[in-house]
Amino acid sequence: MRPETSVIIPTWNRRDMVARAIDSVLAQTRPVEEIIVVDDGSTDGTGEFLAQRYAERITLLAQANAGVSAARNTGLAAARGRYLALLDSDDVWLPEKTERQVAFLEANPGIGMVLCDVYRVDADGGLIDVFERRRQIPEDGPALQWVLRDPALAPLSALMRREVYEDVGGFDTALRTAEDLDFHLRVAARWGIGVVPEPLARALRGHDGLSALASTEDDYIAVMERAAERAEGVVPEPARRQALATAYLKNAESCIWRQRYADAWALARKARRLEPDAALQARMRRLPVLAAKRMMRAVLPKRSATA
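Residue numbers for the sequence shown follow the working numbering, beginning at 1 and rising by one.
The hints are simulated quantities; they were obtained by calculation from the structure and are not laboratory data. The reader is advised that the hints may include incorrect statements.
[Claimed, not checked] Derived lysine-lysine pairs resembling BS3-like cross-links, with alpha carbons at most 27 Å apart:
#1 Lys293 to Lys250
#2 Lys270 to Lys293
#3 Lys250 to Lys270
Note that the coordinates shown come from a computational prediction; the quantities given were computed from them, not determined experimentally.
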């Protein structure tokens with residue numbers, strides 16, 4: 001018989017962390033019948049450890065190291081469930097996640113994917129904040145307009161119908177970062193999205209993520225420009241233009257933080273050509289102040305060291 005729910009857990013050299021993730025799935029009040037762990041070329045004995053600890057309770061797939069997108073795609077291709085979920089190996093689910101989200105999809109046949117709020121915690125387990133999905137998606141149903149304006153996606157928060165994956169495909173392995181944003185936008189372009197507005201998962205932040213890579217802003221802009229082009233004639237034009245302007249300004253700010261000043265000004269010019277609204281114009285006017293502060297922060301430690 002086909003499992004009701006399959007979860008895909010990619011992992012790379014996180015032997016102890018991935019065990020916590022798996023245990024959180026095994027503790028669900030609505031059982032997850034298929035747990036697929038994709039070992040993406042670990043060298044710390046992850047595969048042997050998991051095989052001994054969990055035996056037949058998980059399906060363990062091993063591949064040469066190819067990155068998180070490729071590992072997720074390997075698991076998605078192998079999954080047999082009617083519903084598909086993702087869980088990174090450094091994150092955990094709270095016990096009622098599957099129960100609440102499966103019930104939501106069964107009660108809302110027009111929705112393809114359902115999200116939940118997420119506790120974001122530091123390495124010591126301290127609460128940083130709560131990622132509240134209603135802030136980005138104010139109502140259930142067609143969501144491209146909202147997702148285009150803020151495409152943030154925590155993969156561990158999502159549960160989707162198998163048909164969604166069969167329709168839009170997996171994650172883009174050509175992207176080093178922003179692959180989750182790209183996936184979210186492709187789903188939103190074709191399926192309704194819903195929200196269970198309470199925290200049902202816990203995500204670890206700030207330890208070894210990919211957001212520090214130099215390609216982060218470039219990947220984000222490439223994804224957004226591609227999505228905005230596809231959304232032409234689908235999303236109201238003012239909303240589409242403001243979404244793209246927002247993406248340009250957000251990444252201009254990020255470029256300033258990385259001292260990529262020429263790239264920041266180029267993105268600001270792109271945003272200006274889209275005639276941003278008053279809030280975005282105010283944000284644009286703050287860019288020189290942000291740049292000055294960043295420059296001072298870069299210079300002051302050097303002066304202190306030579307004093």
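Here is how each hint holds up against the structure:
In summary, the hint linking Lys293 to Lys250 is supported, as the alpha carbons are separated by about 17 Å, within the 27 Å threshold. This hinted pair checks out: Lys270 and Lys293 have alpha carbons roughly 23 Å apart, not beyond 27 Å. Annotation: proposed proximity of Lys250 to Lys270 holds, straight-line Cα distance about 12 Å (limit 27 Å).
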